[in-house]
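J.: Protein sequence lines correspond, in order, to chains A and B. Residues 68 to 496, numbered by this note's numbering, are exactly what the first sequence covers, in order. Residues 160 to 425, numbered by this note's numbering, are exactly what the second sequence covers, in order.
If you're looking for bench data, these hints aren't it; they were derived computationally from the structure. Just so it is clear, the structure is predicted and the values come from calculations on it, not from any experiment. All C-beta atoms, glycine included, are put in the ideal place defined by N, C-alpha and C. Any given hint might turn out to be false.
Restraint ranges, calculated between C-beta atoms of paired labels, are given here [stated by the list, open to error]:
1. Glu396(A) - Asp235(B): 52 to 60 angstroms
2. Gly154(A) - Gly357(B): 54 to 62 angstroms
3. Arg240(A) - Pro323(B): 28 to 36 angstroms
4. Glu276(B) - Ala298(A): 29 to 37 angstroms
5. Glu286(A) - Ala238(B): 51 to 59 angstroms
6. Ala406(A) - Ala419(B): 25 to 33 angstroms
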Amino acid sequence: MSTRTIKVDYLARVEGEGAMHVTVEAGRVSRCELRIFEPPRFFEAFLRGREYAEAPDITARICGICPIAYQMSAVHAMEDIFGVRVGGPLRALRRLIYCGEWIESHVLHIYMLHAPDFIGYESAIEMARDHPELVRQGLRLKKIGNDLMTLVGGREIHPINVRVGGFYRVPRRHELETLRADLEWGMKAAEDTVHWAAGLAFPDFEQDYEFVALRHPHEYPFNEGRLVSSAGLDIPVNAFDEHFEEIHVPHSTSLHARLRARGNYFVGPLARYNLNFDRLSPRVQAAARAAGIAGGCRNPFQSIVVRALEVLHAYEEALAIIDAYVEPEAPVIDYEVRAGTGHGCTEAPRGICYHRYTVGADGLIGDAVIVPPTSQNQPTIENDLRGFVERHLDEDDERLQWLCEQAIRNYDPCISCSCHFLNLTVERR
Amino acid sequence: MSEAHSRPKLAVWKFASCDGCQLSLLDCEDELLAVAEAIEIANFPEASRAVVAGPYDLSLVEGSITTPHDAERIRDIRAQSKTLVTIGACATAGGIQALRNFADVEAFTRIVYARPEYIATLAESTAIADHVAVDFELRGCPISKTQLLEVISAFLAGRRPVTPAHSVCVECKLRGTVCVMVAQGTPCLGPATHAGCGAICPAYDRGCYGCFGPMETPNPAALDARWGELGADRARRERVYRTFNAGAPAFREAAARIAAADEEES
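Throw the hints in and build the complete structure from the sequences for me.
T.: Written out as structure tokens, the structure is:
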């Protein structure tokens, strides 16, 4: 009986350390693992005994690519405990800094991590030799996202300005205006990116997924909404624990998340897009129609198009926020610390990021639970690998390995985030 | 750089970390392509699946040592690297994950993981320099990308990088920021903290919280007394040193001294 192994010992163009191992026996995948060997860092443990106000600064350090997601989920969970409601311009500024994070993270993935797979290069730097204008466009689009993070947050990696109840300092209107010309350029460049991405060649691949995302009454989701799914889930964020669980598997330092009722699920751009298409602006919807995916998108290889649509959305949203911005009277809302348990769930670039804290009357954290997006997608990624390899056994090992890597990168996995992710081994028996 | 046509080889390595410091290189949007022309990006998995074999002329190392395997791996990387530079608080001081050094790591594992037996981890998170010789340390959580470019430029020019070791206070003066501790009574770690960030926090109306670790010759005892006068309780004063650079000797000692004084009083 022939055995075939396809593996990658250190997965490239993902954030963090992981490996992949697939074993094929007699034409069937007998073993498929996305191994996360990123060393554990124990955030939930050392958060115990820290003050509630430190949670946004400390949890930002889980991930250098999406620190805002952690800061936002943390402050919303704390505000849930203290009964604080952040509205008006402070709420708009939170959405604005989240636009910056979606832009820098998505554009990094589209141009530098994912595009080389589609065009056949090892890296964006190699791709730049033949396609300099394409790469320069990506770098400028990404830089504007970082500029937004820096202006509102103080710096692009681990911003310092987000706090429970608002910000330390809010930007002046004229400071935000300095970004206008770049954001207007970015809208056009994002539309070009959607058009370019839609013209790439995609492997024909769809599986049966349950998409999970936030849904807000009026907006494409960032910070608030109910948790909904394509299989009819519709719950408030504070019911997360009743419907989701985390399990610990031997080949991963990341905990795998599952829906208690139905198992694997899918978070991130595809999930948000399919569940919230009607919340996108006419301009983004028109771009989606031109890209041919306005009716929905279930092929994870096409996530690059959906990410580009979300970049367009973020640019448009950022401009709208700046247009409507009125400087708030105070950078932070007054609140009183009280004991309790609170929940926060926001849409990180890679999908929902859930936090739960229990805080004592002294303001110290007694218990913390953090569920990052990549640990939620990990079982779905393994399931994609299994399905993909079985349908592409005719490819030679080298080609199949690269395609498997691409299938993993469809999810923009953040292994550092999962604290816990990836190395591909496909073994054929 | 011995041969006119061959560029020096750069490798970027990751240990326990958030990826933010190596991301700083990809965040040099205006300079990245020029950097890639001056130096061959030979091994940088976050950016490329191509790996050029060592030895490497310049290795940038992110992250701290937290597993038995990583303690081995860093020795191998040192052997392959002519110049080794550590980047960021994890690599230079053990990072936020060094908080385990002051706790029971088995208890930590039980809090996070249902099956602790699947997890291989060391009792302490330690700096790279605790394991191998390091040629230069770049501070920060995260590092400053301007300073990262300075490290690469200095390497290419064959000189030592210029990264001032004075305190954040000097950066506030350079930036024209009014002192938040003097003017507003906001506790600020700036007087004891290494420069490099550009004094961002005081410019955003908050006190420095020490991302860049201790400055060259800090006086945390005097600073701590001032924090006490401003109303910061002992637990808070201990915590501020036990955050992103908890393992840096000057901050470790400052926290220990505050904790010991607390025990004496109670």
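J.: Please list, smallest to largest, the hint numbers that this structure does not respect.
T.: 2
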